[in-house]
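**Student:** Here is what each chain is made of, one letter per residue.
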Amino acid sequence: MNKDLLSILEKNSRITPSEIAVMLGTTEEAVKEEIKELEDNKIILGYRTLINWEHVDKDTIKAFIELKITPQAAKGFDRVAEKIYKYPQVKSLTLMSGAYDLLLEVEGETLRDVAMFVSEKLSQMDSVTATTTHFVLKTYKKENVIFANPEVDPREVITL
Amino acid sequence: MINYDNILSKSASGIPPSGIRKFFDIVSEMKDAISLGVGEPDFITPWPIREAGIASLENGKTHYTSNAGMMELREEISRYVNRKYNLNYNPQSEIIVTVGGSEAIDITLRALINPGDEVLIPEPSFVCYKPCTTLAGGIPVPIVTEEKDNFRLTKEKLLEKITDKTKVLILPFPNNPTGAIMEKEDLEEIASVLRDTNIIVLSDEIYSELTYNKKKHVSFASIDGMWERTVTINGFSKAFAMTGWRLGYAAAPEPLCKVMYKIHQYAIMCAPTTSQMAAVQALRNCDKDVENMCREYDQRRRILVDGFRKMGLSCFEPEGAFYVFPNISSLGYSSEEFAQKLLEEEKVAVVPGTAFGECGEGFVRCSYAYSIESIREALKRIAKFVERHKKR
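Sequence order for the protein chains is A and B.
Heads up: take any position in the first sequence, counting from 1, add 7, and you land on our numbering.
Under our numbering, the residue at position 60 of the second sequence is numbered 50, and the numbers go up by one with no gaps.
Treat the hints as calculated values from the structure; they're not laboratory data.
You may find that some hints are simply not true.
[What the hints assert, rightly or not] Okay, the calculated bits of chain B under chain A, using three or more residues with CB under 8 Å as the criterion:
| hint | region |
| --- | --- |
| 1 | 26 to 33 |
| 2 | 291 to 305 |
[As the list claims (entries may be wrong)] If you only want the chain B side, here are some residues facing chain A, beta carbon under 8 Å, derived:
| hint | residue |
| --- | --- |
| 3 | Phe14 |
| 4 | Asp15 |
| 5 | Ser18 |
| 6 | Arg285 |
Keep in mind the model is a prediction, meaning the values are calculated, not measured.
A virtual CB, placed ideally from N, CA and C, is assigned to each residue, including glycine.
Excised from the complex, chain B in its bound form (with noise of 0.2 Å):
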């Protein structure tokens, strides 16, 4: 008999399994379970959006684009992003259509990483950082970043984790999981520190869109003397409803681009051509839903602050994403206990901010990508949880 053990790459088969997964493979089969846990919009796509990709179908379009992705595609988020952020890539050499913006992500840290490089990780962060990292061959180093800084990343946090193998800084802001967002002023302190520097920063922006309080969101690479050292990373999946097309993109210097193209011309050849062509239409016309959405979005956001702070706990207003990070310290639970408690009395899956770092220790994550009135139920549900378990 094989053993796979012995044959299996020990760099991957190590890398431990997600956090996130197991409580909805519970919740999956649990009636009457209401669901606060998944990252992805409850919205369908805009039907301008599934027009095009379904017309590009009558059309024949069914063959392979260029490896970059169709250059009215391109051509188009050059246009967005610099209409948006400020930003400027030609599109002929700076723009890379991937798979999701979790391609853009891989191929942009095996771009960078050589083995032993360091990666820094602001933590509570999405999920794939580090084992992308880990399986180009660095080294990742998490920074915990805190609620009594409104989860920014700070210049001192920053410095503390600096060594002279700091090959890349990841930026994952608006923040999944804690809803953080960094300002103009923010993104001044850290370009302060990496000027001087070869840190390359992977901008992961794929919330960019759904920021609320009025406040937009600011590119780190419009920041001053920061284009020439980020790798500004964007897609389709929140900000137009796109989770299921796969498509994002990356968008950098054009010698970090020739690298990265090179790997994802042999690991992927081309992002699929239906969501190429309905990508298209999302930037050109849709400005109009993605406002809509992000209006809903703010609606919830605000439902669900006010709901977990009237619990009498402490939750920071998170301004980005479509998730808030309360605060459960209080109730004396391991973010773990507390979500599995929770889930076993009163049927509501949230995921344990364990999932996102070890610092999401004392929290949870509850996504308001769900109507509201599962919110409302969930609310109330979590409501008489709290009151329950505080009098212990």
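Just chain A, with the same shape it has in the complex (with noise of 0.2 Å):
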């Protein structure tokens, strides 16, 4: 029942351990006993709600920032990205492949606060070898829901 009951919860976090049950075919107690488990072992990590930001009158901007380091050992990027995750700007950072290693994504109030967490911050690194900024212009989807949208039943009128 673990992945099942991971995706419904990844859905709609509000739903009810006994809602949850009627969905799976079993009892609210095995339910509420597994989100235990699950919190216990770190694997549900937190239940949050999803905002579009940018209906709501409160300036933020957002950039990802993709960054370069100098080639590291062992658990070299974990040490990196231990130092640039301390920070509250740093909403997400993974380790990525291609051409860039780290790929953050900061927020700010102002563009400057975002430049200036750059070039004083991540630039200022001995690891960091380069950095380049994309600033968030518009977010049409985001945990696979659709923010541009309404979405409405394409479904015509059909006898069946």
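Please dock the two separately framed chains into a single complex, following the hints provided.
**Tutor:** Here it is as structure tokens:
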């Protein structure tokens, strides 16, 4: 039931254990137990809300920053990453294959905030050899949810 | 002035209008209405299939295919029904690609029926069998399936209706609208009745990929001795969410196929080329997508059954297709009244069971080809309705 339960929660974290129990054909107690276990094992790390901030009167600016790092031995990447993710501006950080090594999602109140963070913090690190900053202009889809248009049922009236 | 009534074909104009449509013409104009009425997947066709359709257009595949369908697709269908349902059909001579399962039903009946032949139709069931039988000159003979038998066709019920005029038995399982399935033992029973007759079975297996409770679909033609008397009908609409592509197929012994093929070639020529190209992809690479959709349907199914039972209604647990068929007779309304009142008072659309045969009286069909949010909201409203009318 593990995977089915997780994919249900991933889509809607507000769903109740009793509702999940109905969907999976099991008992509420079993679901509660399973969730507890998943939380204890740090497989479920939290319950968030997906918000389209573009419709809220709040000025934030988001950027994706690619970082190239001097080649690292053994756990070298982890150590560099640790330094970087400690900054509260960094919303996400992933190690990538391809033309660069780390991808950061950074948030600030102004363009300047983000720019300063890159030039004063990231570029200053010894192991960082290059940075490329991409500012986010518009989000179309996130976490499998389409932000742009509310979906309408396209099915027409038909006999069957 | 022309009196068209005198001109039109008697058998065609005598067909009663579908009981499903009229509700939905109303729903489509009603604000805040929620429908559980549509018998079509809410999923969009999986992307790899759409991509194959687009690619075929880009590559200029805009011509007819051979009448029976592209050989590549027929071979793929042959492999697919073999690996899924243990069926053996020769793609050269025993498979016809049709415009949806609907065309396959039509050409099968037209190929078999002589005037006055009887066609046994288990009901409640899909709305097209009766009119297609009538148009082909046959006589539809309903067989009532009941809630107490899990809406399965039983040997006894079948035996009661067989006469020396019986030509065809339709086996519409997994069933629209009840969600009933027939398991291997049930099919064996039916087979034991048919073995010594010349009755041909039209096995409409369009929902074969959507079965639940780990009960894999069993094809009637895979039952010992039944292959030679079965036309297996299936298609892409339900399993692969490809309703708009209009693609299905019929598989049958060559002598049957030959005649069906003649009707198909003169009436239709061939199924749409773009759809056929896309369908090849569906059969080759989309098992995972089908599995995911099926899992989603299963969860919705459970929510609906649970919801109706909590309202105190008797609700048969469907094990196939994407419909539940709750029994609403305890409220003292006819199916039609129930559906009408529910739509007026709570703005929820369901289909009266009588749209699927007279024996559907006392039931309504609710489709779960809708998002969980819509289903929850619909259940909330129906519960309010039921609560109010119970106390009447």
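**Student:** None of the hints should be skipped; say for each whether it holds.
**Tutor:** Okay, the hints, checked on the actual structure:
no.	hint	in the structure
1	26 to 33	holds (count 4)
2	291 to 305	holds (count 3)
3	Phe14	holds, 4 Å
4	Asp15	holds, 6 Å
5	Ser18	holds, 6 Å
6	Arg285	holds, 7 Å
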